[in-house]
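Which chain is which? The protein sequence lines are A and B, in order. Mapping of the first sequence onto our numbering: residues 1 to 314, in sequence order. Mapping of the second sequence onto our numbering: residues 1 to 79, in sequence order.
Simulated from the structure, these hints should not be mistaken for laboratory data. Be a bit skeptical, because a hint or two may be false.
Calculated pairs, SDA-like style, for lysine to any residue (alpha carbon to alpha carbon, straight line, at most 25 Å) [as the list claims (entries may be wrong)]: (1) B:K3 to B:L27; (2) A:K277 to B:N8; (3) A:K299 to B:L50; (4) A:K283 to B:A49; (5) A:K281 to B:K3; (6) A:K290 to B:L27; (7) A:K281 to B:K24; (8) A:K40 to A:D172; (9) A:K283 to B:K3; (10) A:K277 to B:D52.
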Amino acid sequence: MRVFYEEGSSLKLEVCNVLDKISKKQNLILKTSGTTGTPKSIAKDLEKAIKEKRGGSEEDVWVLTYDPKRWAGVSTITHAIKFNSKLYVPKSLSFVDIIDCAHKNRVTHISTTPSIFRNMLLIDKDKKLSKTPLKQITFGGECATQSVLNLAKNNFPEARVTHIYASTEMGDICAVSDGLEGIPKGKLEKEKFKINDKDELIIEGFNTQDMWKLKNDRYYFLGREQEIINIGGIKVSPIVVEETALKCGVEFAKSYSIKNPILGNLVGLDYVGDIEKEVLKSKLKDSLSKYEMPSKINKLDSIELTKAGKIKRK
Amino acid sequence: MSKKDLLNTAYEKMEEVSEGVIDKTKLTPDTVILDSGLDSLGYAQVMLALEDYTDKSLMEDDINWGDIRTIDQLVSLFL
Numbered sequence: 001m002r003v004f005y006e007e008g009s010s011l012k013l014e015v016c017n018v019l020d021k022i023s024k025k026q027n028l029i030l031k032t033s034g035t036t037g038t039p040k041s042i043a044k045d046l047e048k049a050i051k052e053k054r055g056g057s058e059e060d061v062w063v064l065t066y067d068p069k070r071w072a073g074v075s076t077i078t079h080a081i082k083f084n085s086k087l088y089v090p091k092s093l094s095f096v097d098i099i100d101c102a103h104k105n106r107v108t109h110i111s112t113t114p115s116i117f118r119n120m121l122l123i124d125k126d127k128k129l130s131k132t133p134l135k136q137i138t139f140g141g142e143c144a145t146q147s148v149l150n151l152a153k154n155n156f157p158e159a160r161v162t163h164i165y166a167s168t169e170m171g172d173i174c175a176v177s178d179g180l181e182g183i184p185k186g187k188l189e190k191e192k193f194k195i196n197d198k199d200e201l202i203i204e205g206f207n208t209q210d211m212w213k214l215k216n217d218r219y220y221f222l223g224r225e226q227e228i229i230n231i232g233g234i235k236v237s238p239i240v241v242e243e244t245a246l247k248c249g250v251e252f253a254k255s256y257s258i259k260n261p262i263l264g265n266l267v268g269l270d271y272v273g274d275i276e277k278e279v280l281k282s283k284l285k286d287s288l289s290k291y292e293m294p295s296k297i298n299k300l301d302s303i304e305l306t307k308a309g310k311i312k313r314k
Numbered sequence: 001m002s003k004k005d006l007l008n009t010a011y012e013k014m015e016e017v018s019e020g021v022i023d024k025t026k027l028t029p030d031t032v033i034l035d036s037g038l039d040s041l042g043y044a045q046v047m048l049a050l051e052d053y054t055d056k057s058l059m060e061d062d063i064n065w066g067d068i069r070t071i072d073q074l075v076s077l078f079l
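The following block holds chain B by itself, in its conformation from the complex:
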């Protein structure tokens, strides 16, 4: 799977879980996730969607979640 696929998965899920508050066409890789209008529950659901899409679990303790701010940084964890 390509980074583009992952970005599109993230965009679509963000629009879905925000129930239309977020317009996926306005999202870019540099969008700061928690500034986009997504709350922490929505963020967790986007992550779950990416985990399902890639079949990879991100429960590793060595990830510093404070450093993961943008959509690009989030999807890069799955590559």
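Next comes chain A alone, as it looks inside the complex:
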């Protein structure tokens, strides 16, 4: 077992707990994030999780970017265990500590959310992360849109960029490494997948409450049902608004619903970046429909993430 801890790592206890369960062949109890309902506890069979891991080698050097109490963190640990890869555990899950750990230990593999990745690049003024010899970048936890896939490829031209669709309940569902947003139709056309008439993805009878849209032989993630912004009956995906803002030059964006007595909701947008509000507004107008257009735009220094490293949408 090749797990290394940065001095004083606050994650050591939890990582050791996962390793202990693996060595004793015990199940690990994990909490779901609660995005599809009330958070619940789920027993994960770690032996099975390890068996299902594909693609890795002893040469790989990983850094942990996820909370080891959640599936994403456990998934990174089990992957490293299966292939006897090196796994470095940072001092904490702050962006600075992850970057320092990755840089110092010449990490080659990273599994993270698009939001954590964007934020790490934003604060990486010394370009430590960009100097890390990454060969594999795996995005999970939230939608990996084309702009984040491009950002990863532009900063790490040698790296393979993969985005995975997974959940605590179902584990890893599918992985895509062709550099394009969305999932090729064939990957979701097997018997166990079904998109119902509300555009929700059903996997083996389990409603993920994730909404997908089929376009040109690929499925595109629209967001979770409860995250879609309903403006007088017109449904707007916050992901589409955020992606458009990113294409307009902002560095990080969060779109959300603003309650309104006339239409029920309006679109709001918070962003981080150098672009001025009025310039952004004018650029957004060229790409968004009038209902998608944010009624309120705020320029911020940072946007808070959840403990799982995702945009806080509630």
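Following the hints, put chain B in place on chain A, whose structure we already have.
Just chain B now, with coordinates in the frame of chain A:
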């Protein structure tokens, strides 16, 4: 803040969200909002601008929105 300030905020926002279809200098307190050329999305955005200006939210259920027709009636909700 005065009623005049609120009226001016409403006029300016109406001109802005209508993208020039509405001329703010032609608006009066008695202008009927939805007859001015503003659609429901524009109306909602004017209301949001007034909420931001006054820092007051109008989600109260006891407002009968059908009775709020003119700009004067709308801004009076924020006083």
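Hint by hint, here is what the structure shows:
1. B:K3 to B:L27: 15 Å, holds
2. A:K277 to B:N8: Holds - the C-alpha atoms of N8 of chain B and K277 of chain A are around 22 Å apart, at most 25 Å.
3. A:K299 to B:L50: Roughly 20 Å separates the two Cα atoms, so the pair holds.
4. A:K283 to B:A49: 21 Å, holds
5. A:K281 to B:K3: 29 Å, violated
6. A:K290 to B:L27: Holds, because 23 Å separates the two Cα atoms, which is no more than 25 Å.
7. A:K281 to B:K24: 21 Å, holds
8. A:K40 to A:D172: Since the Cα atoms of K40 of chain A and D172 of chain A sit roughly 18 Å apart, the hinted pair holds (cutoff 25 Å).
9. A:K283 to B:K3: With a Cα-Cα distance of about 34 Å, the restraint between K283 of chain A and K3 of chain B is violated, given a limit of 25 Å.
10. A:K277 to B:D52: 17 Å, holds
Consistency note: the structure conflicts with the earlier hints numbered 5 and 9.
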